[in-house]
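Read top to bottom, the protein sequences are chains Z and S. With positions in the first sequence counted from 1, the corresponding number in the numbering used here is that position plus 194. With positions in the second sequence counted from 1, the corresponding number in the numbering used here is that position plus 194.
Just so you know, not all the hints are guaranteed correct.
Copies of the same chain look alike in the list, so a pair counts if it works inside one copy or between any two.
Said to hold, decoys possible - In the PhoX-like style, the derived pairs of lysine-lysine whose C-alpha atoms are separated by at most 25 Å in a straight line are:
#: 1; residue 1: Lys397; residue 2: Lys258
#: 2; residue 1: Lys360; residue 2: Lys349
#: 3; residue 1: Lys293; residue 2: Lys258
Honestly, the hints are just simulated from the structure, not real lab data. Only a predicted model underlies this, so the values are computations on that prediction, with no experimental measurement involved.
2 protein chains.
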Amino acid sequence: MRSKLYGMAKPLILVTNDDGITAPGLRSLVRFMSEIGDVVVVAPDSPQSGMGHAITIDNTLYLKRMHLNETDGAQEEYSCSGTPADCVKLGLQELLKRKPDICVSGINHGSNASINVIYSGTMSAAIEAGIEGVPAIGFSLCDYGWKADFEPAKKFIQTIVKKAIKNGIPEGVVLNVNIPKLSEEAIKGIKVCRQARANWKEKFDKRTSPMGKDYYWLTGEFELLDKGEDTDEWALADGYISLVPTQFDLTAHHSIQQINTWSLNE
Amino acid sequence: MRSKLYGMAKPLILVTNDDGITAPGLRSLVRFMSEIGDVVVVAPDSPQSGMGHAITIDNTLYLKRMHLNETDGAQEEYSCSGTPADCVKLGLQELLKRKPDICVSGINHGSNASINVIYSGTMSAAIEAGIEGVPAIGFSLCDYGWKADFEPAKKFIQTIVKKAIKNGIPEGVVLNVNIPKLSEEAIKGIKVCRQARANWKEKFDKRTSPMGKDYYWLTGEFELLDKGEDTDEWALADGYISLVPTQFDLTAHHSIQQINTWSLNE
Numbered sequence: 195m196r197s198k199l200y201g202m203a204k205p206l207i208l209v210t211n212d213d214g215i216t217a218p219g220l221r222s223l224v225r226f227m228s229e230i231g232d233v234v235v236v237a238p239d240s241p242q243s244g245m246g247h248a249i250t251i252d253n254t255l256y257l258k259r260m261h262l263n264e265t266d267g268a269q270e271e272y273s274c275s276g277t278p279a280d281c282v283k284l285g286l287q288e289l290l291k292r293k294p295d296i297c298v299s300g301i302n303h304g305s306n307a308s309i310n311v312i313y314s315g316t317m318s319a320a321i322e323a324g325i326e327g328v329p330a331i332g333f334s335l336c337d338y339g340w341k342a343d344f345e346p347a348k349k350f351i352q353t354i355v356k357k358a359i360k361n362g363i364p365e366g367v368v369l370n371v372n373i374p375k376l377s378e379e380a381i382k383g384i385k386v387c388r389q390a391r392a393n394w395k396e397k398f399d400k401r402t403s404p405m406g407k408d409y410y411w412l413t414g415e416f417e418l419l420d421k422g423e424d425t426d427e428w429a430l431a432d433g434y435i436s437l438v439p440t441q442f443d444l445t446a447h448h449s450i451q452q453i454n455t456w457s458l459n460e
Numbered sequence: 195m196r197s198k199l200y201g202m203a204k205p206l207i208l209v210t211n212d213d214g215i216t217a218p219g220l221r222s223l224v225r226f227m228s229e230i231g232d233v234v235v236v237a238p239d240s241p242q243s244g245m246g247h248a249i250t251i252d253n254t255l256y257l258k259r260m261h262l263n264e265t266d267g268a269q270e271e272y273s274c275s276g277t278p279a280d281c282v283k284l285g286l287q288e289l290l291k292r293k294p295d296i297c298v299s300g301i302n303h304g305s306n307a308s309i310n311v312i313y314s315g316t317m318s319a320a321i322e323a324g325i326e327g328v329p330a331i332g333f334s335l336c337d338y339g340w341k342a343d344f345e346p347a348k349k350f351i352q353t354i355v356k357k358a359i360k361n362g363i364p365e366g367v368v369l370n371v372n373i374p375k376l377s378e379e380a381i382k383g384i385k386v387c388r389q390a391r392a393n394w395k396e397k398f399d400k401r402t403s404p405m406g407k408d409y410y411w412l413t414g415e416f417e418l419l420d421k422g423e424d425t426d427e428w429a430l431a432d433g434y435i436s437l438v439p440t441q442f443d444l445t446a447h448h449s450i451q452q453i454n455t456w457s458l459n460e
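Excised from the complex, chain Z in its bound form (with noise of 0.2 Å):
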């Protein structure tokens, strides 16, 4: 079967996430991909958030075949009890037939833009398909809200991801894209960025349990600490769409000759 759009077979798109394979942000991905490629899902079975690069060594992985809602366009489904990571690796080693053209992680509920793009498990499962050399975008709207509304991205996710198809995603690189929670109309287009420089200033809330032991939960406050105006926040706060090109090789080259100065070996 030859589609129009690319003049050769459909391309086979994996879908995954990190909030689980119920999550709204997920389905609405998989509605949005169906009308371009033949979609297969592999996603966590509850929600990983935060998991970061997390993989499952010590404990058993167990895959489900899920039948969810077929309206959605998905080929086929899987469940599975371990991480995005984890996803990524059984999709493409166990599941799928043939390498995919694309894997596309999202959309998120809530923004992985900044530094969140370390803790994210919707960028984690990206990133691990981009290791295994297959092209690779995260997408993530910017309201953590369950019932958010993910039409207004439609056009917007599916022109990135018809464009990273045609023109290819540079060896190394997999793309962070964070939408901004506006209609569609108030979206100012997609806006190429970097990742600006910001982290959390924690906060922990500490309470007593009913059995007298302390303990904590994590908060945090958001912290941006780029006026920069060519980042993602920026972007973002602007009205645009933010893609940063992210990368894997986490080797900071431009301060390999200032080390190289401690003699290290002195």
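Model the placement of chain S on the given structure of chain Z, informed by the hints.
Leaving out everything else, chain S in the frame of chain Z:
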């Protein structure tokens, strides 16, 4: 109190890891660091390998004051029910009276060179400290055994920590140090490197439970994709300790221009 080493108050050193507070690699690092400064340990109460940069959002965190082998020289020790990144957050926010001069993580039982940095709980602890503005180093010995010999690494680890405190680690950078499994005499020195391109070729070991349910174990083979002579894998194979300056700005700056040619807004 002034130390002869630095002509100022003794450095305050936060020690953590991902193998858990009783791991021999951590106990060795505590001993090595107590010869340099005042040591406070905040480490997971159970092994956390492969946790990547996971943080605990949907669960409570417990801290427990520990009194382990006091001849190791730590001033205070705490075990934590969370991930390595949680340990650093709690240490910096709740336990330490002042910002530490350095945070060291490890010594990991096993390599965190090349792509392993992405999955590494050891490095996620160091990166978390770096994000919070604390100079940080992750140490790993290329020996997965629980009875690994950490003594040959002592001199080199102490040198790296002292030089890092003296010179300061560049902002936005943490150090990923991997040590070959060799005698002290056989170690040729320390090389500043870049992260080698590599991945894991997954192999899932599919089994059936006594209850008839299929499950998987994640296994894999390391695949080096990089012939460069400036990489961490090359240095380790050649008998050197590798030191990779590692950053948490994941932006692939070099590819921004290329992706701008996609004309995403047309």
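Each hint, compared with the structure:
| no. | hint | in the structure |
| --- | --- | --- |
| 1 | Lys397 <-> Lys258 | between (38 Å within a copy, 19 Å between copies) |
| 2 | Lys360 <-> Lys349 | within (16 Å within a copy, 53 Å between copies) |
| 3 | Lys293 <-> Lys258 | within (21 Å within a copy, 47 Å between copies) |
Checked against the numbered hints given earlier, the structure satisfies every one of them.
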